[in-house]
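> Join the two chains into one complex using the hints; note that each chain is given alone, in its own frame.
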Amino acid sequence: MFTSSMIMAILPELLLLTLGLLVLVFDLIWKKRDGRDLGWLTAGGLLFILVLSAFLAKPATSMEVFGGMLRYDMLGYVFKMLFIFGAMITSLFMMDSEKLGNRGESYILLLVATIGMNLMASAADLVMLYLAIETTSIPMYILAGFLRDDKKSTEAGLKYLLFGAMASTVMLYGFSLIFGFTGTTALAAITGFSLPLAIGVIILIMVGVAFKISLAPFHFWAPDVYEGAPTPITGFLSTASKAAGFAVLMRLFLGLFPLGSEYALMWTMIMAVLATVTMTLGNVVALSQTNIKRMLAYSSVAHAGYALVGVVSLSELGVGSVTFYLIAYVMTNLAAFGVIAAFSKIVGSDEISDYAGMSRRNYGLGLAALVAFLSLTGMPPFGGFVAKVFVFAAAVKADMIWLAVVGILNSIVGLYYYLTFLKVVYLHRMEGENEEAHPIPLSRPYAIALAVLSFAILFIGVIFGPWFNIASSAAQGLF
Amino acid sequence: MIPISWYLILAAALFSIGLFGVLARKNAVAILLGVELMLNAVNINLVTFWRYNAPETVTGQVFAIIVFAVAAAEVAVGLALIISIYRNRNTIVADDLDMMKW
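Chains Y and F, in that order, give the protein sequences.
For the first sequence, the positions run 1 to 479 when the working numbering is used.
For the second sequence, the positions run 1 to 102 when the working numbering is used.
Hints listed in this document are in silico derivations from the structure and should not be mistaken for laboratory results.
All the pointers check out, no bait thrown in.
DMTMM-like, lysine to aspartate or glutamate: derived pairs with alpha carbons at most 25 Å apart:
(1) Lys26(F) / Asp149(Y)
(2) Lys152(Y) / Asp96(F)
(3) Lys151(Y) / Asp98(F)
(4) Lys26(F) / Asp150(Y)
If you want the footprint, here are the derived chain F segments under chain Y, 3+ residues with CB under 8 Å:
(5) 19-33
(6) 40-52
(7) 62-74
(8) 88-99
All values reported here derive from a predicted model rather than from experimental measurement.
Backbone N, C-alpha and C fix where the C-beta goes; we use that ideal spot for every residue, glycine too.
Next comes chain F alone, as it looks inside the complex (with noise of 0.2 Å):
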């Protein structure tokens, strides 16, 4: 079998990398796709503990479809936003949403 650490491994890059695409992205669908890489590597750790640690309980399988369940939520509402903002202004781009600054 697998070692365990592969898949926290791969969560834990996956998290950076989505980490890195938010804070680093400059349109607002690309930081909103950073989130769901995030997401995703959370879910993944889900999984893996739920399977190696506590195969015979539900907890992890829950938090699982708990989380994807609020991220399509959560994408729902940030594209709609998105979506209104395109039509006021014409970009969806983080540095241009500049109208309020100190």
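Looking at chain Y on its own, in the form it has when it is part of the complex (with noise of 0.2 Å):
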């Protein structure tokens, strides 16, 4: 029957559920509500099970629930804070989006994806991730075409959902053949690959983590998804999506081919290679956007490309730098599209040159742009600094240096794109026009997003040792 450590493995899921129950019955009952009650009670909801599931869940030791098909351990718990964190910020985001923040389904939506992540970061077993992978991303598809009589909105929901279709079936062929082949699909229990079995499984399942994480072959859908779908979206999908992306990859990848297993040195070469090609085709590619959504859909690219250096170092080190990287990246593209959200929502435009004396406009508004892309590009003393230098140290230790090399060059090449979006910002005046004159209003919830976001990407950056032992402690849960 039900242990008490079985309840505490899905706490968090069940109270996400509950909440969303809430909100849908509010939404029906509560009619005479402001714009903004129902975001309110989902962040206000989501605060709550974060201080609750982080006190109450946090596991003791490692062990499988419900039958072998969830594991119970720090991984799980670390990424399932991280994603309630992200969406709590999300719905902050949400409330003041004119055709998202009044309506029920998109708080519902968003709750249910979190679900969904929360069992990617923590299933056991193919069937349990199958599941929680659709969970995840069918209420994203139908949130990125949320916006239904906006052509580039549901636009990006269409091109999402088919390539995110297809990526994820022909992952769903590789675990078939996984069943097939091996007669179980408890991922601690898979063993023996024959090469022809080990070099199809391996492609196969790459191609469904590689769209969900965005990795160059796999990134097409990235920049359009993201620039058609409504900003507050494109900021969890960038982010917690990703992150999810690569809990999937780090728990199949070194369950099903772990350290000193014959065939870890050959996936761990095809994405030190992708690794490459997505951080270099990110950064390139990014340097002549336009569109800030889109330019930061590449530099996202570029970012799993780093991220996927600690992955590929195949060491405690190794996931636990990667774990910190997505802990730090996922405050700092929530910050940058928190600003990008508040903007578009008064001037109406995504475009760089728009952005021209912003800082003038609004001071707050500025510095937490300064604070987002600053720790994007890598600068002490953010968070983004600190991630990049565990990442690359991990990459180093395992003796692959050029792989750091290629990382810091990439660096340098991500610096250039950045700075010229913060001179825009500060350095650009509008045109024939007085700044003063123009203010750009920041409401209460993007003032408070973005407020505890720059706080916190700075605290990561600057007291980094008690979130690396996190990390670090997640990290032991897979070895």
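Okay, here's the thing in structure tokens:
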């Protein structure tokens, strides 16, 4: 029967489901609500869930629950907290969005996607894993295409769905082969790959995972979907969804082909090449973008490449550094998309040239942009810097110095376009206008979210010890 | 009894046809159909492996049932998105969906 550890293993998901039902009921019976009420309910509920499960759901030891379907360990715990935090910030961004804010459905879809991500991070069985991936993806397809009358948004939704369905089906074919040739779907029990099977499975699974984290040959959807989807959703998509993909990547590949197994070298080499291509392509294409959302899309492709460097190192330090990287990246990119959402809500444009003089139109927003983009660049004292140091250190320790060098060179390329954007924000002026006459009012949810994120980015960058300890303890769950 | 390889070849062929459809067809509905073919290929694989390798367990069956339940949900969302696109611009040809380009 149910034991207390089983309940604790899915406590965050249970609470999320309860909150989702609560939102659904309130959406129906609470007619005279203010436009933001459902958003505050969701955000407050998520904060409550975050605090409660941070204290209660922390695992003491790693164990498998629900007949080996889920693994209850630190890796899952850390990622779950990250997803719930991301969803909380996203719901703050969503509530002022005109078409998303007062609709109960949008919050429920967000919560269901979060449940799916939580399960992705803790799945220990191929059946569960596939179900979790789809539980995340299907609500995200709807959210990307949520603005039914907007041509770009529906196009983004459909593109995301078509690419996503194809990629996850290819991965599923790999799962079916694993089941067939090894006779089991439990990740811990799968052994005995022959060489052709290993090659086939690695390639098939790689397609699905690479789509989720937008690695180079499978990144085509990212810029289009990021541009077309409502901006708060884009923020969620580029952070939590990508982090969930990395959690799956680490669990799958380190579970199926662990350190010391005969095929470990094969998949790490493939990934090292993919990481190189991804970083380079993302950064180089980002240089020529004029739309800020597309630029950030390519930048997030590049960041997937940086984080992959840590996975390739195939060590405890590597996995810990990836986890730390993702924590910093989620905060940073959410802040960047928050700035964009706040700006485009008033100005109605995502073109970089329209950002001229933004720092004079709202000092706080300019400051948040500065913190977020310098952290994306990897400047000390922000979180992005420490994260990059750890990831590259892991690569050097694993004797992959060339990969660290590629990563550092790419960071320099990245510096150019991030700083160009900051130059437009801070140094350019609005043409023939007085900026004070065109202020950008920052509503309360945006102000709260951006303040929290900016503080978190700085905090992670300055006092990184405790965060890195958490990330390392997550890595121990895998080794 | 029919050898297991026949079923696996059938599944692989079906999967390849589906993948070709996804990559080559222009109509969004046809692309979605291609994905369905691929999913059916997976299901044939799963049921075959279950029947030949482990008929005493239920894993393969459960996996197959979950796969087609998910596939149904995916198609429902896909068709809904296609309808909303068709209402917006009177086309569902993938090549015409090019508002966003680098």
